[in-house]
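Asks: What follows is the residue order along each chain.
2 protein chains.
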Amino acid sequence: MADLLSDEEIEAQLPADWERDGDEIVRTFEFDSYLPGVGFASGIAGIAEDAWHHPEITITWGEVEVRLTTHDAGGITEKDTDLAARFNDAYE
Amino acid sequence: MADLLSDEEIEAQLPADWERDGDEIVRTFEFDSYLPGVGFASGIAGIAEDAWHHPEITITWGEVEVRLTTHDAGGITEKDTDLAARFNDAYE
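Residue numbers (the UniProt record's numbering), protein chains in the order written: chain X, 1 to 92; chain R, 1 to 92.
Take the hints with a grain of salt, since some may be wrong.
Below, a list of computed lysine to any residue pairs in the SDA-like style, where the Cα atoms sit at most 25 Å apart [claimed, not checked]:
#1 R/Lys79 x X/Asp32
#2 R/Lys79 x R/Ile10
#3 X/Lys79 x R/Ser33
#4 X/Lys79 x R/Lys79
#5 X/Lys79 x X/Gly39
#6 R/Lys79 x X/Tyr34
#7 X/Lys79 x X/Trp61
#8 R/Lys79 x R/Asp32
#9 R/Lys79 x X/Gly39
#10 X/Lys79 x R/Tyr34
#11 X/Lys79 x R/Asp50
#12 X/Lys79 x R/Thr60
#13 R/Lys79 x X/Thr58
#14 X/Lys79 x R/Pro36
#15 R/Lys79 x R/Glu49
#16 X/Lys79 x R/Leu35
#17 R/Lys79 x X/Gly22
#18 X/Lys79 x R/Glu49
#19 X/Lys79 x R/Glu63
#20 R/Lys79 x X/Trp61
#21 X/Lys79 x X/Phe40
#22 X/Lys79 x X/Thr58
#23 R/Lys79 x X/Ser33
#24 X/Lys79 x X/Ala2
#25 R/Lys79 x R/Trp61
#26 X/Lys79 x X/Gly22
#27 R/Lys79 x X/Thr60
#28 X/Lys79 x X/Thr69
#29 R/Lys79 x X/Pro36
#30 X/Lys79 x R/Gly62
#31 R/Lys79 x R/Asp50
#32 R/Lys79 x X/Gly62
#33 X/Lys79 x R/Gly39
#34 R/Lys79 x X/Glu63
None of these hints come from the bench; they were simulated from the model.
All chains, please: the whole structure from these sequences, using the hints.
Replies: Below, the structure is given as structure tokens:
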């Protein structure tokens, strides 16, 4: 099982444009319309399935909010920061 | 613009398995694993785009929560109950 990260480790490892929100890390990805956000959500869901680490993804018009936490560790681990970085790569 | 529904109209028109939550109607659709839920979310997003009425869709493992409201009317209208019924059809 992945180890919980310390506050300092989270701050150091948090990928660009992600923020910590308690036991989760969160980023809102922005899009010019609805379906591009839906497509992005599907794409990162595939990455998540590949990593077997499943975020909460909320789709609204022009925005996709992604929240990551490691439930079995009870907080934020490298599984979260690593997957967040892969999601960033998919967005660029 | 669609007219706001009265409490009685909402109760009468709410499709199966949907609940009212203040100014929104909500249903959680259930799946046996992650990607089937993701695929369902993409499918109903296409229906939403077709209707030009965009729900909030939240994907987690095995569940897709859908929330509908009519922002420009400030509450629940037939646009919401009609689209909810179409989402139910897509789930069956």
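Asks: Checking one constraint from the list: CA of X/Lys79 to CA of R/Glu49, max 25 Å. Satisfied?
Replies: It is violated: about 34 Å lies between the C-alpha atoms, which goes past 25 Å.
Asks: For the pair supplied as a hint, R/Lys79 and X/Thr58, is the alpha-carbon distance within the 25 Å limit?
Replies: holds (21 Å)
Asks: Are the Cα atoms of R/Lys79 and R/Asp50 separated by 25 Å or less?
Replies: holds (12 Å)
Asks: Is the Cα-Cα distance between X/Lys79 and X/Thr69 25 Å or less?
Replies: Holds - the C-alpha atoms of X/Thr69 and X/Lys79 are around 8 Å apart, at most 25 Å.
Asks: Assess, step by step, whether the Cα of X/Lys79 is no farther than 25 Å from the Cα of R/Gly62, and give holds or violated.
Replies: holds (20 Å)
Asks: So if I understand the rule, the pair passes when the alpha-carbon distance is 25 Å or less; does R/Lys79 with X/Gly62 pass?
Replies: holds (20 Å)
Asks: Are the Cα atoms of R/Lys79 and X/Ser33 separated by 25 Å or less?
Replies: holds (20 Å)
Asks: Does X/Lys79 pair with R/Glu63 here, judged by a C-alpha cut-off of 25 Å?
Replies: At roughly 21 Å apart (the allowed maximum being 25 Å), R/Glu63 and X/Lys79 satisfy the hint.
Asks: Regarding the pair R/Lys79 and R/Ile10, is the alpha-carbon distance no greater than 25 Å?
Replies: holds (12 Å)
Asks: For the pair supplied as a hint, X/Lys79 and X/Ala2, is the alpha-carbon distance within the 25 Å limit?
Replies: holds (7 Å)
Asks: Under the criterion that the straight-line Cα-Cα distance not exceed 25 Å, is the pair R/Lys79, X/Thr60 satisfied?
Replies: holds (17 Å)
Asks: Can the restraint linking R/Lys79 and X/Gly39 be considered satisfied, given a maximum Cα separation of 25 Å?
Replies: Roughly 24 Å between the alpha carbons, so the hint for R/Lys79 and X/Gly39 holds.
Hint compliance for this structure: hints 4, 7, 8, 11, 17, 18, 25 are not met, and every other hint is.
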